[in-house]
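Produce the complete structure using the sequences and hints provided.
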Amino acid sequence: MTNKIFSNNKWFFEDDVPYDPGTTQIGLKIKKKLYSGKSSYQRIDFYDTYAFGKILVLDGILQTSEKDEFVYHEMLCHTPLFLHKNPKKVLIIGGGDGGALEETLKHKVEEVVMVEIDKKVVDLSKKYLPSISKNAFRDKRTKLIIGDGKAFIEKNTNAFDVIILDLSDPDGPAKELISLIFYKNVKKCLKKDGVISIQSGSFSVQPKLVSTIYNRIKKVFPFYEIHKAVVEAYQAGEYSFTIGAKENINKITKAQLEKRFKKNNLKLNYYSPDMHFASKVLPKYIKDIITS
Amino acid sequence: MALEKIKKELWFREELFPDVNQMIKVSKVLFRKKTKDSKGKLLQDLAILETSRFGKMLTLDGIVQLTEADEKYYHEALVHCPMFSHPNPKKVLIIGGGDGGSLRECLKHPIKLIDLVDIDEDVIKLTKKYMPEIAGSSWNDPRLKIHIEDGANFIKKTKKFFDIIIIDSPDPIGPAKSLFETSFYLDCKKKLSSSGIIIRQTGSSVLQPEEMPSGFRQMEEIFSEAKVFITSVATYIGGYFTFVAGCPKKDGLKGDLSKINKRFKQLKMETEWYTPAMHKASMVIPRELEETLKKTEFGKELIVDLYDCDYSVITSKKKLYQFAKEICEVIDMKPYGEPIIPNFGFSLSKTAGPSLVQLIESSAVTAHYSPHWQIVCLNIFTCRDFDPEKAFKFSKDFFGAQRATAFFLKRGTRSFDKEIKITNVEN
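Chains as they are written, first to last, in this note's numbering: chain A, 1 to 292; chain B, 293 to 719.
The set of hints was computed from the structure by calculation and includes no laboratory data.
Note that beta-carbon positions come from the ideal geometry of N, C-alpha and C, so glycine has one too.
Mixed in with the good hints there might be a few duds.
To be verified - Straight line, CA to CA, 27 Å or less: simulated DSSO-like cross-link-like pairs of lysine-lysine: (1) A:K10 with B:K300; (2) A:K287 with B:K557; (3) B:K587 with A:K262; (4) B:K469 with A:K251.
Said to hold, decoys possible - Covered stretches of chain A (chain B as the covering partner; in silico rule of three or more C-beta atoms under 8 Å from a C-beta of chain B): (5) 22–32; (6) 267–279.
Shown next as structure tokens:
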């Protein structure tokens, strides 16, 4: 479904999506169209925009922007990585732009396995969005597998400290990756003190999706929490990140997080131990979304 | 304001940002009018629109002011953060806020008096009529006094003192411009009780990145304490929506969570966004923003001393004129008028010689030449960014200096020490 109403060669507008039939649209003025094509899985576009720099668009939906990818990737990765006391082996499913990989490699990890289904997204992101992945794909600790994340998870047991699901909306290739069975397999794939982190959509635009993912994680994992952050390029108010854990993460104090944070000596632009806790505090209208 | 008919559908297009447009589908135009003040001066283009996504929506000069769906996330933050930071607010002033949203939230507290000042009577009348859901019966509260005038005039004239002043203004264009000026905040400070709190909006964190750090610095210079609060309002596009509060009392904005919790419970307040925990969480801001608060600077200065310069160059008025022109190009600044290059200072041998002043549109290039010592003392000061290495190299080469030293510092940051960068070059 291409939104042909507003989009033209000067303005980029996202396509209409089933969960939000066109009642509001944010347009980004285009400096240059960089790439437009198709892979076996999806339509892929890259634009250079004035306000958000270069952006990656899959099937008409904005995935990442140079300007504020750090908000999304820092929240998605550092939240689970700091909740784990010593993450060594990490699995990323999706994340073809390399942003999650880059953030994860900032930790003292031994190996990061990234399973992305669409090789073309990886290759094109390396070419058009090098500032997002930086050197991540060349890092010795990186193991890139082009393949089906679902099958990979099913095959591996007790293998990872942290699993990060950096997936596009569940209409395209990521459809089966929000099911209860899939989350149960993720739990098996995690070691006994493992943590999972999921991009779980926008509270404002996709309340049903957020609620579905959160409540499934709640069913599968004994410990869970949800974090919020405004990722402006997603044009959708507060965005959600759902965390599931096999061991008690509720007991972790700010002092402990600060110690881990200092030990890693990271220079970040969004995440901080203070923000970790502040992003867990939800206004009533958001609490209502996930409890309904 | 742009209302566009696209394929038989009516859309509102917000063009506050030239590179990012917000489109909202409109099911009905409820009211539209160009408003005027009491003297007949044109104020603003007011529209009340019915939208399928956000309910009723008020726009002024083509910019979204509030929608039924998300106005609470703005008004609750703007009002309850200062009200709960204050130990016992009794007298409140709202400047702007003709839609009544802030008024409604203030009246949830046991206050004694509330003054509301809006320049545009039509905003009050029309939102009362077309959007009664926003403030409803709040308008009939006996504690309320409404003033139709410019907030900056009101604060100058009033003999009252306030515990809380809420600046509920639109963007700094149009009639609200005076509510962003330093003189206005200095006047507000005079009318604030000793532990009083003032709060104002400072725009969106991503698309108006300079508003908040600049507004914060302005408040920090005026008040003993300034703090940032953030909220998220979907129709205020551009990242987090930010507020800066100021207080004449040190630590007056600290907010003791247990005390706030107690009061919140006592008042049995019903809110959609605000809770004491959200109050504290909204004071935690992204690291990137935190950094910009620390680093507010007015400008940059490059200080260069050039030694063993080419005598024929530093004594040639023609060459100095040429330097003034070319250095502006090198640092990409626009000269303001012609350079002044007088020859004076003959009372001392070392000072005798030409000096140069070239004003530029963001500050100045000045230089003092001492033919006696064959040195040039050069200063380049601008409030815009420039490449100091390039300017340094160009100047050194231009005057044929054999040795040179340079300092590059940020100005208006309150501290020089950490920012100094020293270059020592000897040929």
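Do the hints match the structure? See the list:
1. A:K10 with B:K300: holds (22 Å)
2. A:K287 with B:K557: Since the Cα atoms of A:K287 and B:K557 sit roughly 18 Å apart, the hinted pair holds (cutoff 27 Å).
3. B:K587 with A:K262: holds (22 Å)
4. B:K469 with A:K251: violated (49 Å)
5. 22–32: holds (count 8)
6. 267–279: holds (count 10)
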